[in-house]
Structures are given as structure tokens and as C-alpha cells.
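Q: Based on the hints, put chains D, F, R and P in the right spot on chain X.
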Amino acid sequence: MMSGRVKEILGYYDSENVGVRSNLARMLNHGRLAGTGRMVILPVDQGFEHGPARSFAPNPPAYNPLYHFELAIAAGCNAYAAPLGFLEAGAAQFAGEIPLILKLNNHDLLLDEHDPISAVTGSVKDALRLGCGAVGFTIYPGSAVRREMYQELQKIAEEAKQFGLAVVVWSYPRGSGISKEGETALDVVAYAAQIAAQLGANIVKVKLPSAHLEQAEAKKVYAATRVPIEPLAERVRHVVQSCFDGRRILIFSGGAREEDEALIEEVRGIRAGGGFGSIIGRNSFQRPRAEAIALLNRIMEIYAA
Amino acid sequence: MMSGRVKEILGYYDSENVGVRSNLARMLNHGRLAGTGRMVILPVDQGFEHGPARSFAPNPPAYNPLYHFELAIAAGCNAYAAPLGFLEAGAAQFAGEIPLILKLNNHDLLLDEHDPISAVTGSVKDALRLGCGAVGFTIYPGSAVRREMYQELQKIAEEAKQFGLAVVVWSYPRGSGISKEGETALDVVAYAAQIAAQLGANIVKVKLPSAHLEQAEAKKVYAATRVPIEPLAERVRHVVQSCFDGRRILIFSGGAREEDEALIEEVRGIRAGGGFGSIIGRNSFQRPRAEAIALLNRIMEIYAA
Amino acid sequence: MMSGRVKEILGYYDSENVGVRSNLARMLNHGRLAGTGRMVILPVDQGFEHGPARSFAPNPPAYNPLYHFELAIAAGCNAYAAPLGFLEAGAAQFAGEIPLILKLNNHDLLLDEHDPISAVTGSVKDALRLGCGAVGFTIYPGSAVRREMYQELQKIAEEAKQFGLAVVVWSYPRGSGISKEGETALDVVAYAAQIAAQLGANIVKVKLPSAHLEQAEAKKVYAATRVPIEPLAERVRHVVQSCFDGRRILIFSGGAREEDEALIEEVRGIRAGGGFGSIIGRNSFQRPRAEAIALLNRIMEIYAA
Amino acid sequence: MMSGRVKEILGYYDSENVGVRSNLARMLNHGRLAGTGRMVILPVDQGFEHGPARSFAPNPPAYNPLYHFELAIAAGCNAYAAPLGFLEAGAAQFAGEIPLILKLNNHDLLLDEHDPISAVTGSVKDALRLGCGAVGFTIYPGSAVRREMYQELQKIAEEAKQFGLAVVVWSYPRGSGISKEGETALDVVAYAAQIAAQLGANIVKVKLPSAHLEQAEAKKVYAATRVPIEPLAERVRHVVQSCFDGRRILIFSGGAREEDEALIEEVRGIRAGGGFGSIIGRNSFQRPRAEAIALLNRIMEIYAA
Amino acid sequence: MMSGRVKEILGYYDSENVGVRSNLARMLNHGRLAGTGRMVILPVDQGFEHGPARSFAPNPPAYNPLYHFELAIAAGCNAYAAPLGFLEAGAAQFAGEIPLILKLNNHDLLLDEHDPISAVTGSVKDALRLGCGAVGFTIYPGSAVRREMYQELQKIAEEAKQFGLAVVVWSYPRGSGISKEGETALDVVAYAAQIAAQLGANIVKVKLPSAHLEQAEAKKVYAATRVPIEPLAERVRHVVQSCFDGRRILIFSGGAREEDEALIEEVRGIRAGGGFGSIIGRNSFQRPRAEAIALLNRIMEIYAA
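Protein chains in written order, with this note's numbering: chain X, 1 to 305; chain D, 306 to 610; chain F, 611 to 915; chain R, 916 to 1220; chain P, 1221 to 1525.
Isolated chain X, as found in the complex (with noise of 0.2 Å):
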């Protein structure tokens, strides 16, 4: 049966059709989290994104495309997410076994941009050949090229929907209108969930926000209505309010490889905050399997509680 929870967060969705809300509802209840109204996903789209050598030479199974979709089912996560290439290497294999996120746009590091914009790289069409439940955009608010992004999501978030796939919008402010450390600021970073929101994304994805503020104008309204910016936690909850006052599913990119015991204290902070959970990379696929299990377990304890 539906936890209450549950119920709750699929009515912010009844706009919806109902596919988009069955597979919304199949997320929310797979995995260890099931239930919770929480979501760890697991996320590899870095051999596109870095390469394959920085991506999985320090674990050398993680080659293999099969290794990841049974990391995810293993560890219990809500959600495997990859690009084309990586879904259809098991998503025959491994059907039915996991919610499955196409990630429908891509940036390779060969060349490095200023103000980057992803290559499409496979279509709602193929989310469905494959048996996904959603796809999966990544805009980078603050290009000189977002308006493209942003039209380009328009009109797959059209067609996924019609199609009843959910929509997941990776959101990273990056290009000439944000400084490098601006970035991940506390204004930009919510600025970059509203967007997103308002793009009609159904899970929003951002980077932790820091403690900086990026742009004049919005700093005069953080100091004028004394918005708290620390700790971490009060950070997480001004972004989820920015994403529709917590009416957006709303969940936490771990970036970078770092200590454990670091994340687990952002892990605490933004279940502190309201956040609605991590998407868990790097952190998990980079290291041996049992211990990445054992990280995720960690993770998902601290949502569960």
C-alpha cells in the first residue's frame, strides 16, 4: 500500500497524466527508501562526461555496463540513471529489476567549453524501447547557450510526458553570467532549482549549495529579509522552497570523490533541510562493490530514519 508520504508528494504532481505519476510512484516505492518519500539514485554517465580511464579505472569492473545496473538493484537505490549506450548494454538483461533514467543529453571533456551546452544523444522514443521510467536533461543555467538547453527540454519534457515518463533536470549553473565559485552559491543554486521547477521538470537535481552569495541584486534581498545561510541545513531548506516550497521533488548531487565521513554529513544536512535526497556517482562506483554497498546503506539509513 501507499504511505501516506507518498500520497502526499504525488498530489503536488496531479496536474500530471497518470502515467507520469505511476512512474513517479514506482520510484518513490523501489528500493531501500521505498516509502520514505526519499530517493538515492545512482548515476553513471561520467565515462561520457570525464572518460572512461578517470571515470572507471580505479574500480576496473565498473568497465563493464552490466556492473552498474547490479550495484544499483544491490545497493537498493530508487534509480539507475546513464546514456544510451550504458542502458542498452543491460536493459534486457536487467528488466523490470529497477526504475530506469535515460539521460537524454551529454558533454564530453575532448573539448572544454566556456559556456557548454550538452549534445542530445538519444530520444524519449528510445527511453521507452528501453523500459525506462523517466529521462533524465542536464541544463547548465548562466550559458550564453541556455536558451537552446532550455528549448530543448521544452519540448522533450513535451514528449516524454504525453508519453508518461517523468522528468528528471540535472541543474548546474556554469558559463559567462557565474563565476567559477558562484557556481554552487546559495542564490544561484536556488535561482537554478526554479528553473528548472518552472521548466516543468518533476525531480530537480542541484549541486550542495555553499555559503557564497554570486549576485548584487539578490544579495540585497538575502540581507534585507535575513534569509539564514548557515549551517548546511537552513542552505537545503531555502533551496526547497525556492523549488516550489518543497512541492518539487528535490535531490542533491555528491560530486567529486571525497571522504565519507564528509558526506555523510551533507547526507545529514540535507535530510536536515527537507531535501528529498543524493544522487551518489562517483562516491559509490569508484570504489570496490561491498564497500560502496555499505556506503549507500549508510546513506540510505540516514534518509530512512
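Since the hints were derived computationally from the structure, they do not count as laboratory data.
The structure presented is a predicted model; accordingly, all values stated were derived computationally and were not measured.
There could be a bad hint or two in this list.
[Claimed, not checked] If you want the footprint, here are the derived chain F segments under chain R, 3+ residues with CB under 8 Å: (1) 690–702; (2) 753–762; (3) 792–800; (4) 803–814; (5) 824–832; (6) 854–862.
Beta carbons: idealized from backbone N, C-alpha and C, even for Gly.
A: The following block gives chains D, F, R and P in isolation, referenced to the frame of chain X:
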């Protein structure tokens, strides 16, 4: 029964199909100004346009998308306009309670371009599935990329009207062709209203014009033909005239939050000059709900008189 | 019954379908010049092209879109041409009273580019729903972006003809390839007429050519082959010849408002040189209605003689 | 009955559908060279490409589009090629009298770009409604925008062949990659022929190659493999070989008007080298009709011999 | 009966439809290497890529497109790959004799860009009408315009697979992001293989990697994780691993014509490192037919061993 003034206004649109005229009638016959031929619309796109904290921190309940539906209904506005995400968040819950306008393009300030162009962030099909009566679209005449905007609007307006949706155009001159002061110059605002109407807009929204004249060729004509430019009511009258001699619904935006008495004075000028009404965003949702309703009521009283 | 001259002209279009030929016939057989094979058309796109005050302040009733329908009908013009908004505003009320030409692209002067290109502001479908008999399209040969215009025209002309609409092309050389004086040079105007006809235009509209020759290669040929360039009638004859040797309807625009006698003299030159007629915009609607009708009547008398 | 040579040539196209092969047969079996496997085509796109006076003032009857149909028929050409307008002007009157090639892209000289690209000025559907047997398309290999041309040709060729139309490609190297002298260099012309054939052209048209070699890498190979470059017949033979070893119809253009004897000498070279024929434009329509027919007859006699 | 190794390989593609798997099986079960799980493919796109004389003058019979079909069949290759024109020239005559791969994009050297992008020169529909079993597509990772290539490939691959065609991707790093030496650097080649596989390629083709490492971030990882880079077999093994751990068919190109013994040594390295085979173009068709067949036989013997 339909009032004479509403019938007259609908007569201006006798080349449109029944669907478009019905949706115009729904807006003209809704809320406190029903039947008067005047309109006050609540627009809430600032979360996207300026960021969530700058928009909602002054009145935190406004972070919640449901807040604005409820405010527009309680205040008796003719319609509520917002981007895709905000409408998706409440359209089911408030279905049928107030005419909705889906704002189909939006622009964020994580990058501020000299020649801005909004991204298309929703579709006519989205407007239909959410039960909207109209679509909204922003153009920036004077921008080096205005052609692209006009052509996007052309396609959207054509599709919207086929499906019986009304078309509301925000026409805000900006960019390479216009000085900062020129953005609200009388000649430029009048020109912007004309362009929107020629592009097929059913409802045109412009900023209140100042007494400044921007274009050298226009200045000569204003002088030679003695177009009156004082007081505000005369300027409003000139813009109404420039918008097909009053045969298109033309409403004015309030702009940034300002002193109530100044705002009320502007509304009196709009009414006296033959304007059809106002769009009141930040001046309503950035203050406590009760104050907002009181202010909106004062404004509507003026229009209803 | 159809006159011999109209039958002859329709014979030039014997590769077009019945719909196109019927709409050409409707225009040739309408108004005071019906059956003569000559045409005077009222075009009112200046509200968009130059702004409302510059266009209509000299004769304020002209702000009203209905004014122009009525003027064109009263004066006995062959057709009335305007952008989408202006036609939408009166097409229902004046349905069937005069052939309408929907001008499908327009350009405003809130920014003045060196290599201009008009925006597509309406569609063939719009022309059909508004009961038009033709579509109009402006190209600027000599502009660095002319290719885009030609290709837009190609698509629009193909679609229009499929639906039986005639195609009217305004061919105005401008941009990087042409000096200011060259815009009306005889060789350039003749070339512009040829291009429009090759692009499939049924009716070609150009500016009256001056005696200037612009292109070095052309100058040699004009000298060597002794093309006569004086008086105006000879230049008109050369442009008519350049427009498929008179086998395409070619009309000339009057340009800015000017002295009546100069204008009349030009009309005499057009007639003497074998031109098919005139487009008279600012010279008609920028003066009081009675004066405009009187002037148009004088012009039509010359063509009818 | 079909000649052996025509059957052999049609055999080269055995992967094309019956429609395409039938239209190739129609051209090969029409006019004075019917059945010889040789072709002389009259192309008249100079009105667009160079302007009307430069093209037709030397022989004023040529201003009339009907003139060229009649000339091509009277002279016994295999086909007549022209842009949309010129074909629209006579296709009905001369229906069925000579195979027509609709030239689908054209370029004017009101602006002369360093990296030119023609505009698409007609469609496959136009070719069908006008009863054409083939479409023509110009590419400029060496231009910085050649990719756009190749891709336009790809789409047009695919559509044309589906409808049974043959595809004729004018392959004229120009632009950033090529020096002026290189435009007719042997290696470059051979390369241009290869590219057109690889793009799916049924008939390839190139300029006559000079003895110049343009590309450093190619020069080495020509020297090492001792490709003969004198006399002209050898160069023709090399280009024929480069065009699928003679398994594609390859014809040569005459270029600007020149002395008759030089032209005749070139035709002899083309024939001796195994070329399939000539396109003769300015050398025919820029002289009086009788002289043109006499010249074309001399040329055809050489090919027929 | 299908061999165990072929069954195993087909198992990697169990998310593809029966059509795609059947076409992969056809290639794996054709020619001298049938059933071994290894492949040698004859590609002949050099006429387009380098020009006809540079490609075919060393062995003139190769100017004839039929030559290559016959060579590939006689030598027992698994498949023959070529651009549209070359396949059109022989597909009917050699129908059913060897699996064909239509190379859908191509690039010529009449202009050599710093950031190259091939033109799309054929379609999936062309591949179907010519009886091909696969389409081929080249991407240049590292090029500033790679996004456009990836997106073209995405669309083509999606369409091809829908129709049961296999997708072969040539992944050749070039352009602004990569030094000349970096084009064959181990980290770059491995990254290129990963990208092609993530884009949905069924068969990936890369250049043989050198021992050079290009990207600073990658270098650190190769050092830290001790990826072996000598001898060649180890580098091949690393690229195979980077291409989904051997779960995608990965073949290597031979490049420019070279000494036979060096080539044979490379083939031994490919085999030892677990590569699936070779594409042998210039090293086969630029020598007399008998020598080419002898060399291809030596190569196949190594793979078959």
C-alpha cells in the same frame, strides 16, 4: 447576460473563431471587473525572470505556487498568468476557478544580455492540457534578435488560435536599437503596441510610457502633428490609439514595487486615457496577502467606476 | 465577361492552377480599373514598418484599421494589402468587398540593420482563414541575408499556390551589396524584378528606377547594347522587359509622400513604359479621405485611359 | 527502339528506380543526339545569376522566357534547364515538347561573397507540377559553406528520385579552399566530379579543366602516377575516369561567350576524351536565333559523329 | 549453425530489435572470418575524403566502383562500406553478395578546416533501398562542432535501428580540443571509443592508439591506477575495455598505406589485445588486385587463428 461594452469589445475580434472569442469573454466576464470591459491580471513569472529570493523572500508564502492561484481568485482578478511549472503546480487543484494564461516564454538573469531573447518554455499543447484560456508571449522590439521572437510568436499565435486560445503579448522594447530611457519613451511604447497588434495579439501589454521621445524621425512627426504628451492620460490615449485606435485590449504593467499612491495615480491615468486595465505582479504578491487584496480592490474600484 | 487584355494576362500564368489564376482574375477585374489589365493597390504596412505616429498622426482616422478597408473600397482600388493584425481587424466586417493581400513578412525600425531581413509575421493559413486572394512578401536583394529571404519566399509561394493564392513580391534591393543610390539604380531595379519573377512571383512590385547604373559589369553592357535610360518611360520599359518581357504583372511603388504633380508625372511614365500599375500607400492614407480619393481617381484615370 | 549505347548507359543506373531511368532515357533519346549517348543541354539561369541586361540585352528576344523553350526545341537539344520562373512561364505552352530540368537553386550577383551558396528557389514538387524530368542543383566544393549545400542536395536528390526525377548536379569549385586559378585546375575539377557522383548525381556537370594542378598532395600523386594532362582530351579523359570511370553521365560547360572556333575545338576535345556532351548557354542565346541554331548544329554534328 | 562466439556477441546486443541483431549476425557470419567473431571490412570513401587521383591513380582499375564490390567479395571480407554514389553504382549488380554499409556522412579536402564536420550525404532510406545491412557515420570528438555531429548521429541511429539496420561509428578525435599527436593518444582513443558506444553504436571503429597520453587529468589517473601502455596489445586491451569492457564490436583502422610487415604486426597486436578486427582501405585497393587479396588473406589468417 453579456454587457454592452463586452459585446462591443468582442466585436473587435470578429475575424477570430468562436473559441478565441469565448476565451476573451471568459476573461472579460470573470472576477470583480466582470462586464466592465476592464481587466486586472495577476502575473507571476518573476521566480523565473528575477530568481526566487528576489521575488518571494519579501513575502515567503509566495514561494508556494498555490499561493498565487488563491490570491488571484480571492482578489477577483480577471486572470492569472504564470510559466509552465507554476501552472502545473496548481492547475488541477484550482481547475475552473479562474482563467489561466500560460506564459510560453521566459528569460532568467543568470546572464544578462544586451539583446535579450526569452526561451520558449512551454507549448500550446501544455496550455490546453492545463485548461488555460490563453497563452502569453514576450517580445523585445529593438533587440537585434527580435526577428526570431516575432517568428516564434507567429507560429505560437497561429497554433493557439486554431485551438481557440487567446493570445496575450508582452511587448517590451529593449536591446541594441533602444536607449535605456527609450525603453519607456512614448513613441517607442506606442510603436511596441502597434507591433504586437500587427502580430495578431488579442491582448497587448506594454509599460506605462514616459514623456520622453526616442526616435529622431518620430520626434519630428510628434512635433509637427502636435501629439499631446502631458499628462499621463494623454500618453495612455496615444498608445491606445496606436494600438488599432482602441480596437485591441491594451493593458499596462505596474513594474517594480512602488509607493501605493503613485501606483493608484497611474491607474487613474490609465483609466482616464482609455486603457483597458493593469497587470499587477510584484506590487501584489510581495506584500502580505491582506494588504495585497486591499490594494487590488482599490485598483479595481477605480477601473469599475 | 472577361476583357481581352485580362485574358491575355491570365494566359501568361497558364502553368498556374485554376485557383491562382482565379485570384489574379479577381484582382484584375475589381474596382475602377477592372478589365483594363492595370492595377492600383492600397498597401498599409507602415504602422509596422515606420511606427504608428509617423504613419497615421498626419491623418488620425488612419489609426483605425477599418479606415483603410473603407478607403480602398471607396476609391475603387484593385486590392488592399496589410499585415496580419490590420487584416484581422476588418476582414470579417468587409468580407468579400475587396480582394485582400496578406503581407506575410514585415520589418520595424526600432532597430535599423545594414543588412535587413523582415520577420515572417503571418502564414498562408492565416491568409486563407481571412479570405485573402493573395499573399505578399518582401525580399531585399543585395542583403547579406537574402538567401534566407529567398528560401522563405520559396516555401511560402509553394504553399500559397497549392491553395490557389496568388503571390505578390516586393523586391527592394538593399544591404551590403548595394550603395544607397544603387537601391533605385536602373540595372539594380531591373535585376530585382528578374529575381522576383524567377522566384515564382505572380505580381512583382519594385521602386521606380532612377537613371543611375550601379554595377560595373552591367554598365558595360548597357553602354554596349545602348539600352535607353531616358526618359522615365524608357526605364520603366526596360524593367518591364527585364520582368519576363512583360509576361509578369509588374507594378511600381510611389514611395514617400510627395507633391501630387510629381506623382502624377510618374504614373504617366509608368503607363507609357508599359508598367501594369502602382501601389499607393502614404500618398493616399496620410491625407484627408476626400483628397485621397480624388488623387487615386486621377491616377486611375491615367491608367484607364 | 533503344540503341545499344543508351542501354549501356542506363545499365550504369541499375540501382535507380524505373522512374529515374525512364527520365534519363527520355533525355538521351530526345533531339538531334537521340540514341547517341551524347547530350547537348540548353541552360538559361543567367537572368538570375548575372542579371537580365547582362544576359539578354545582347539579343533582346531572349528577355522572353518562351524564346528559350523554342530555341532548345528548334535546335534539337536533349533538354532545357532553367529556374522556377522561367519554366513556369512556358511549361504549359510547351508541355511535352522537350525534357525540362528545373534548376532548384540559384545565386545572384547583387552581392558577391567569397564563399558563395545558392538559395533554394524551387522544389521537387514544383518540378513535378511543371512536368519536368529532372532537377538541377549547384554545389560549390571548396566553399566554407559547402556542407550546407551538400546536405540540401542530399535531401533534394532523395526526394527527387523517390518521385522518379533524375538529378543533375552543377559542381563548380569556389571559395576559401580554392584559388581563382584552382577553380578549373585538373585535380580540382576531377575532385568536383567525384564529389557530385558520390552525392548521388545522375548527371554531372563540370567546367572544362585547365592543365593547372592546385593541391600539393594531389600534385605529388599526379607526378608519381604520370597522369597525362595534355592535350585537353587527356584531361577530359581523366575527369571522366574520376567520375566513376565513365559510369556517370558527365557533361562540360562552355562558360562565357567565346570565339566559335575555340568552342568547337573544346567540343572536339570533350568528345575525344570520352565526355558525354555539353551545356551551352550564353554561347547560344546571346546571339541571333539562326546563328545559335547553326552553332548548336555544328556542335551536335561533332558529338553525333 | 551459429557459432558460440557469435551467439555471445549477439547477446551483448540483446536490447536491440531482431532486425539489428540479424544484420550484425549477417556481417559476423559472412566471408572468410564467418563465425569467428572477428571482422575485416573494406571501406572505400577515399574518393570523397581525399579526391579521386590521390585514391585511385596508384591502381587505376579502382576508379571503377564495381572494382571494390568485387574485391571485397573475392577477398572474403565481412562487409563493404562506401558513400552513396559508390554503392548506387554497384548495389543492383552485386545484390545479396556481401553485406553493405552505407557511409552516411563524408568530408572532402577541397577545404581543410580546423574543426571539421562531415556532411550528411545519404539517408537511412537510401541504405534500405540499396539493400544495406548497416549505416556508417563519422564523428570527430574534440571538434568545436562535435555537438552537431553527435546529434545528427543520434537521429540517424534512432531511425536506422527502427528499420533493423546496424549502426557503425567511425570515432576520430580531431579539432580544437586535441593536439595533432593527441588524435591517436591512448587516453583520447579510449575516450572516443566510449563516446561512440554511449551514442548507441553497434560497431565502433577507432584508430590504433599510440603510447602518448594527451589530457592532464587523464594522465594522473593512468599513472595512479597503473594502466599498462606497452606493448600495442595492452593499449588495444585498454581501448576494448573502454568500449564497454568488450561488449561492443570494436575494430581498428589501418590508416595510410604502409609497409606490409608493419601492418601485419599491428593486426597481431589487435588480435592479442582482444580487438574485433580491422578496416583495411588504402592498404588493399591501392595495390594490384592479386596483391591485395593476398594481403587480406594474411590478415584474415591471423584473425582466424
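Q: Each hint needs a verdict: does it hold in this structure or not?
A: Hints, one by one, checked against the model:
{"no.": "1", "hint": "690–702", "verdict": "violated (count 0)"}
{"no.": "2", "hint": "753–762", "verdict": "holds (count 6)"}
{"no.": "3", "hint": "792–800", "verdict": "holds (count 3)"}
{"no.": "4", "hint": "803–814", "verdict": "holds (count 8)"}
{"no.": "5", "hint": "824–832", "verdict": "holds (count 5)"}
{"no.": "6", "hint": "854–862", "verdict": "holds (count 4)"}
Hint compliance for this structure: hint 1 is the single one not met.
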